[in-house]
Amino acid sequence: MPSVFSLTDATLDWLALLGPGLVTLLAVLFILIRRIMRARHFRRRAECAMRIRQDWEKIVSLQILPVDWLFDRLKRRMVEETALDRMDIAGPEEARALEAFFQKSGLLDCYKDAARHERGWRRREAIQKLGRMRAAESFPLVVEALGTHSPETTVESVRVLGGIGTPEAGAAIVRYIKNGSDCRPGIAEPALFNCYHGDPCQLARATLMADDLERPVLARVLAEVAIPGMPYDFNGLAADSNPDVRASAARILSAARPPGALDGLRTLAGDPTWFVRLRAIVALGGLNDTGAIPTLIEGACDRHRLVRSRAASVLGAIDGEELRIIRLVEKTNDRYALQALIADMERSGKLERMASMVVDGGPHLEEALQAIIRSGAVRMLTEMAGSHSKQHVRQRLQKLLADGRRVVSRPLQHVPEESWSKP
Amino acid sequence: MVKALTEILQFSAWVTCIYYTTVNAIYTVLLIQSIWATREHHRQLRSMRAERNLKTPFTPPVSILVPARNEQSGIVESVRSLLSVDYPEIEVIVVNDGSTDATLAQLRDYFQLRASDIPYVEIIPTSPVTGVLVSATDRRLTVLDKVSCGRKADALNAGLNMAASPFVCAVDGDSILERDALTNILAPARNDPRRIIASGGIVRAVNGCVMEDGQVKHVRMPRTLIEGLQVLEYLRSFLIGRQGWARFNMLLIISGAFGVFQRDACRAVGGFRTTAIGEDMDLIVRMHRHALESGWRYKVAFVADPVCWTEVPSTVRALSLQRARWQNGLADVLWRNRDMTLNPAYGRVGLCAMPYQWIFECLAPLIEVFGWVTVAASAACGLLSHRFFLVLLLGGYLFSGTLSMGAVLIEEMVYRRYNRWSDLSRLIGYCFLEPLLYRPINTIWRLGGLWDYVGRRNSWQLLQRNGFSSRQSAAPEGVAATAKRRDRSAEPPGAAIPADQVQRSMMG
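Protein sequence lines correspond, in order, to chains R and P. For my numbering, count along the first sequence from 1 and bump the result up by 116. For my numbering, count along the second sequence from 1 and bump the result up by 53.
Bear in mind the hints are in silico, worked out from the structure with no lab data behind them. Honestly, I wouldn't trust all of these hints.
Claimed, not checked - With the C-beta cut set under 8 Å, the calculated list includes, among others, these residues of chain P facing chain R: (1) Arg192; (2) Asp245; (3) Ala432; (4) Gly435; (5) Arg440.
Claimed, not checked - To give a feel for the contact side, a few chain R residues facing chain P, derived at Cβ under 7 Å: (6) Leu138; (7) Gly296; (8) Gln455; (9) Ala459.
Said to hold, decoys possible - Covered by chain R, per the in silico footprint, the following chain P stretches (three or more residues, Cβ under 8 Å): (10) 262-270; (11) 461-471.
None of the values given here were measured: they were computed from a predicted structure. For each residue, glycine too, the CB sits at the ideal point set by N, CA and C.
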């Protein structure tokens, strides 16, 4: 076997030592020089920013000609950043002035050119800036970028269209999804939300006419932007074969409140898919209709733990019906449902409020507290009976607890999973 | 006899030479990839504009899990910092894992905790939970009081059982999150919630930093050498190692001190394995395994922006225990998942990441010590020329320094946390000190950890912690290592959840 030590000749020695040594030295030098340069750069930048701020009106109105700053890298960057930042928060009048500035100064053309001819991150940067400039003439270029083969560029375009936030931009995204593009929902949904939250009716029309590919995404967004009084029939969505769409339909029905929304949601609350039932339960809570209470009680006894928990949470949030709800849940003989309901009342602070009002709340409130004590969930009440700031509240709670001890059952603290998810 | 010995030495020399060449080549590739990934990420940040994403209703809620055992010195600050993170919807679940000090009392006093009857549902089996407490001052805070079985993983599982959000973020009780850390670490999950099953952020050493109101006010290098060397080590590990591996979707570890996991994917693999020594790596490896066996399109992401500040050991004893434990944990995870190694069914994870972890991480101390012995024996036998010896030592030393400089370079170019010239010069200085002082000792500690694993020895020592204080001008000196007690026995049963249901619960 040849010795590995015989490999060493002068060339290898130099390579082994000089290679890393040189790289390390260069890295150290680079860091040091960069630091010094950055310190200088920030000084210059601060001076430049001050001058630009002082002359801002003249720059925007082109009294200071663009040649004075367009060809100086630092100045151009500062002017660009300032203008784009202002554009992001500008009202209609200032936006018009800035749009004219972008056009007349040549900045718009620079980035249009870059969006057409550059590749990679330069193109993405150009598209992003064009989007922020909000110029109508740059819109086709952003839409065109949706058709590229680069996933990063298409993602950037979707984001930019979302930033533009008009229904036209939204329509471009919908077309893009319709073409079967593998658009990540996390990118497309916020963008569509931005585009349609001012005009949900357009999205509703698009959703109702959409095919199977884009309907789930559009329905999810519509569920977030829907407003009361939308003149559409969403029953088709509620009866869709895709459970994702049905789940979104529940939220849409709750937000849009068309005639028959309660019935539609009751039907969805009996859906075979658990997350559709879950959404329907949440949506029923959103209706704030006492007619939904029986369905919610059924939800509190659902076979899926999350549906039960959420139904209890919705029931716990209904004000003024505490006693009725507790009685109805008690009637189901479902201890887990009752425990979940009381736990949610604890979590939301409702139980604490109820206990604090025990003296002045009347017999209904007292009866509700007695029912809670009967369930065995007395930890919070016991603690309040010992520590509440008002003596008469403490006394009344202590009396209720003393009376209730005769019938109290054991609290359910350690509940096995199988008990919560019924077969 | 002499000839045979010479042959053996020459063979050993070849092995050592090939090993060092390969490991250095891999590190170089990782360094280049990391620089590339950092550049790409930096460019993407310009367009991501996190605040715009925040305003949409599609941002997923997050449950932050904080296992705490005898963390009285820093728990209130830590929970305060967690409750003040910039994120629209969070719940913080602190699991008091049988603390024998005033951890629970401090939480109870500061956050006005009250006993509650909120049911604890044991989806993943854990030690008994004796109480669920809710805060009267902040409804987002829930505290589980739990009987300790001496394992952090068990406390995390209790938190996982209680978590109501589709993503859970595991944070150590002695850690401080930056305000935008959660927003940044969840950026990959926000963009692609169906594919991202876990996402990791960077952990940095808080030692030496100036704290104010539960947040790091001024970043400073620690005063002592041992802490400073760890700052460099963390930078190299996170900015080069993890970033590089994540780029190939082969990241096998997300720090238990700060990581986000898809809750249902986590539950699907049975949560954190209570018998694991390194439960964080163990979880990620099992998630890889589960996802690959189920045919998911998934990704384990790493983002270097979100920062979690944590105390690093400040004594040699604490550090040696920590490093031995990490090595022990690594060996444990690799051995338990040995069927994945070189198994084409597990794709690049089985064919690249696992063999790398075996050869260049787990067995590295053994091979390195073997290399030293070979070189020493060769020198003694006269096989080694002085020139070669010098080239070997200096070349290895300089290359090691170059890699550390690469991490410092990335830090300086993109993140720039250490702004003072004195801090920068110390960081650069440590790049050249570390291979001389720290690396050989660390190799010995790691070898000890490996020996402990082979001998089935696990000795955990609870160490004093100074904790954070918002009034102090500098962060604690003499902070000890996190001491968590775990041991090994049987694996917990995994609760199988169908793949298509994993995302469904997010919609609730």
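Hints and how they fare:
1. Arg192: 7 Å, holds
2. Asp245: 5 Å, holds
3. Ala432: The hint is violated - Ala432 (chain P) has no Cβ within 8 Å of chain R, the shortest such distance being about 10 Å.
4. Gly435: 11 Å, violated
5. Arg440: Holds. Min distance 6 Å.
6. Leu138: Violated - the Cβ of Leu138 (chain R) stays beyond 7 Å from chain P, reaching only about 9 Å at its closest.
7. Gly296: Since the shortest Cβ distance to chain P is 17 Å, the answer is violated.
8. Gln455: Result: holds, 6 Å to nearest chain P Cβ.
9. Ala459: 4 Å, holds
10. 262-270: With 0 residues closer than 8 Å to chain R, the segment 262-270 of chain P misses the three-residue bar; violated.
11. 461-471: holds (count 4)
The structure shown violates the earlier hints numbered 3, 4, 6, 7, 10.
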